Amino acid sequence: MKTLVMTDVTKAFGGVTAVSNVRLEVEEGRIHGLVGPNGAGKTTLFNLITGVLTPNSGSIQFQGRNLDGLKPHKRTALGICRTYQNIKLFKSATVLDNVMVAMPYRMRSAILQLAIKSPFREIREEKEVRERAGALLDFVGLYEKRNHVASALPFGDQRRLEIARALATKPRLLLLDEPCAGMNQAEKEPMVRLIREIRERQATVIVIEHDMGMICQICDVITVLNFGVVIAQGLPDSIQKDPLVIEAYLGDEKLGYDE
Amino acid sequence: MSYYLQTLLLTIGINMILAFSFYVPFSAGMISLGQAGFMAIGAYTAAMLTLKLGLPFLWAVLAGGCLSGLIGIVTGFPALRIRGVYLMLMTLGLGEAIRVFLLNFEYVGGVSGLSGIPPKTNLTNLYAFIFLLVVIFSRINASQIGRIIEAIRENEEAAQGMGINLTKYKVLTFAGGAFIAGMGGGFYAHYARFIESANFGIGQTLELMIFAIFGGTETLWGPILGTAFLTLLPEWLRPLQEWRMFMYGLVLLAMMVLRPKGVIDKSLVRGVAHKFCGQKKND
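The listed protein sequences derive, respectively, from chains P and R. First residue of the first sequence: 43, per the working numbering; consecutive thereafter. First residue of the second sequence: 16, per the working numbering; consecutive thereafter.
Some hints here could point you the wrong way.
Dumping the calculated DSS-like pairs for lysine-lysine here, alpha-carbon to alpha-carbon at most 25 Å [as the list claims (entries may be wrong)]:
id, chain 1, residue 1, chain 2, residue 2
1, P, 169, R, 281
2, P, 230, P, 113
3, P, 113, R, 276
4, P, 133, P, 187
5, P, 187, R, 290
6, R, 276, P, 133
7, P, 130, R, 281
8, P, 44, P, 212
9, P, 116, R, 183
10, P, 130, R, 183
11, P, 116, P, 44
12, P, 116, P, 133
13, P, 212, P, 169
14, R, 183, P, 133
15, P, 187, R, 281
16, P, 187, P, 212
17, P, 133, R, 281
18, P, 44, P, 133
19, R, 290, R, 276
20, R, 183, P, 212
21, P, 130, P, 230
Computed footprint of chain P on chain R; a stretch qualifies when at least three of its residues, placed anywhere within it, have a C-beta under 8 Å from a C-beta of chain P [said to hold, decoys possible]:
id, region
22, 159-168
23, 172-181
FYI, nobody ran anything at the bench for these hints, they're computed from the structure. For clarity, every value in this text was computed on a predicted model and none was experimentally measured. Cβ atoms here follow ideal geometry from the backbone N, Cα and C, with glycine treated the same way.
Work out the full structure, taking the sequences as your base and the hints as a guide.
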């Protein structure tokens with residue numbers, strides 16, 4: 043079963059075509075890697091899937107449903123959620139609040155309870171959501187820091203918090219935009235483990251990453267983008283040997299490596 | 016109670032409501048410079064209802080708030096698409112348009128204003144309303160709605176990405192601010208007994224904005240206590256005579272340098288709550 047199907051998706055900004063006729067099929071339950079040099083259109087692809095951007099042409103289907111014209115928050119409700127390359131947490135809120143705010147919330151019953159219940163008793167919905175948020179923070183290893191203000195967390199923890207926040211929306215498809223950017227090898231290890239564990243939670247994962255070693259280690263399938271075009275797709279082993287990929291990453295011998 | 020003290024407390028109360036009306040959309044990241052316009056709608060509506068129809072005071076004030084809130088909803092939708100300075104300009108234009116409309120609208124007195132409004136605002140009904148506002152908003156802020164509003168202020172894109180309907184919550188808070196400003200206008204009209212469009216200019220908006228920002232906009236206590244302090248300050252400074260407003264300016268400047276988030280911020284409120292209520296249960 044395919045979780046996500048992108049058919050001939052094109053997105054241009056003025057004269058620059060960021061994504062050109064991209065076809066992408068993501069199988070359910072897989073960890074799908076998305077690699078490519080800077081400016082290859084990887085993040086643009088995420089923005090198209092989450093609905094922040096609208097494609098010029100082509101269509102995107104999620105679990106057999108066409109996403110055309112659907113607003114970002116509706117797509118999140120369907121089960122698509124993401125993290126950001128440049129971390130976008132709710133900085134002045136606590137770690138726990140960052141996760142709780144992303145949870146599906148039965149607002150109507152909550153408001154009714156709020157109106158009739160004593161101010162000193164917590165409403166049921168609130169209690170359930172708080173417990174689930176606590177469990178998620180435990181999953182990413184941040185439970186002890188739940189009352190810290192998000193901006194006070196170290197960098198690696200902020201990335202983990204973003205993942206916990208995204209998981210709070212109960213995604214069927216989780217998009218991770220460079221979850222290991224700026225991390226050293228020792229910090230990458232737990233992140234790799236975390237991404238594997240996410241798959242165990244019945245979610246499909248698409249991950250953008252520059253570190254080829256890491257991507258080959260965790261991904262079932264890899265798609266390589268360059269200048270907005272898919273130049274290769276397949277199993278990690280075959281991708282590493284693909285001449286087009288090697289050229290895109292290392293450049294022409296004459297031009298040299300410039301990343 | 017002396018007449019002086021009573022007048023002072025009434026002024027503080029009305030200013031508190033208006034500063035609060037600025038705080039509500041601000042808490043979702045929207046700076047509205049049209050609050051005096053919404054206040055005018057509430058003031059004129061309530062005054063006309065008690066004057067011409069003899070409606071009970073509180074109903075008239077509520078009706079003024081509702082009409083203002085309704086206009087807040089209608090203008091909230093276009094306000095969604097614009098941010099920052101551009102939203103300030105749009106709301107500034109809106110407020111001025113309302114003021115000039117009232118200046119030229121003969122039915123509500125036009126240039127000569129509206130006089131003979133019954134003096135119905137008193138300390139009891141005014142402070143009861145403020146108490147209600149504080150109770151309702153402290154419960155909202157502690158709920159999921161409060162978290163959502165904070166998330167929108169902190170990062171709109173991420174909030175939307177986490178499934179939050181921006182349209183719904185931004186229009187709701189914008190209209191909420193308009194509603195409260197309208198109610199404040201109703202209380203003002205029945206306190207001043209005479210209103211004219213000049214009462215609702217940009218100067219009024221800026222004043223209540225200063226109250227809210229000086230007090231701090233992270234919690235609802237900021238605008239409330241900031242208003243009380245800044246309304247009292249010129250009274251305390253009376254002995255300085257003509258240097259009074261100079262000192263007022265200096266105090267503003269000093270506080271903005273020393274506490275850029277406003278006098279009362281989250282950590283301060285948390286500290287005070289900790290001291291008086293012990294550990295909160297979610298800690």
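How the hints compare with the structure:
{"no.": "1", "hint": "169/P <-> 281/R", "verdict": "holds, 23 Å"}
{"no.": "2", "hint": "230/P <-> 113/P", "verdict": "violated, 33 Å"}
{"no.": "3", "hint": "113/P <-> 276/R", "verdict": "violated, 34 Å"}
{"no.": "4", "hint": "133/P <-> 187/P", "verdict": "holds, 14 Å"}
{"no.": "5", "hint": "187/P <-> 290/R", "verdict": "holds, 22 Å"}
{"no.": "6", "hint": "276/R <-> 133/P", "verdict": "holds, 14 Å"}
{"no.": "7", "hint": "130/P <-> 281/R", "verdict": "holds, 21 Å"}
{"no.": "8", "hint": "44/P <-> 212/P", "verdict": "holds, 18 Å"}
{"no.": "9", "hint": "116/P <-> 183/R", "verdict": "holds, 13 Å"}
{"no.": "10", "hint": "130/P <-> 183/R", "verdict": "holds, 21 Å"}
{"no.": "11", "hint": "116/P <-> 44/P", "verdict": "holds, 20 Å"}
{"no.": "12", "hint": "116/P <-> 133/P", "verdict": "holds, 24 Å"}
{"no.": "13", "hint": "212/P <-> 169/P", "verdict": "holds, 18 Å"}
{"no.": "14", "hint": "183/R <-> 133/P", "verdict": "holds, 22 Å"}
{"no.": "15", "hint": "187/P <-> 281/R", "verdict": "holds, 18 Å"}
{"no.": "16", "hint": "187/P <-> 212/P", "verdict": "holds, 22 Å"}
{"no.": "17", "hint": "133/P <-> 281/R", "verdict": "holds, 13 Å"}
{"no.": "18", "hint": "44/P <-> 133/P", "verdict": "violated, 36 Å"}
{"no.": "19", "hint": "290/R <-> 276/R", "verdict": "holds, 22 Å"}
{"no.": "20", "hint": "183/R <-> 212/P", "verdict": "holds, 22 Å"}
{"no.": "21", "hint": "130/P <-> 230/P", "verdict": "holds, 20 Å"}
{"no.": "22", "hint": "159-168", "verdict": "holds (count 6)"}
{"no.": "23", "hint": "172-181", "verdict": "holds (count 10)"}
Checked against the numbered hints listed earlier, the structure breaks hints 2, 3 and 18; every other hint is satisfied.
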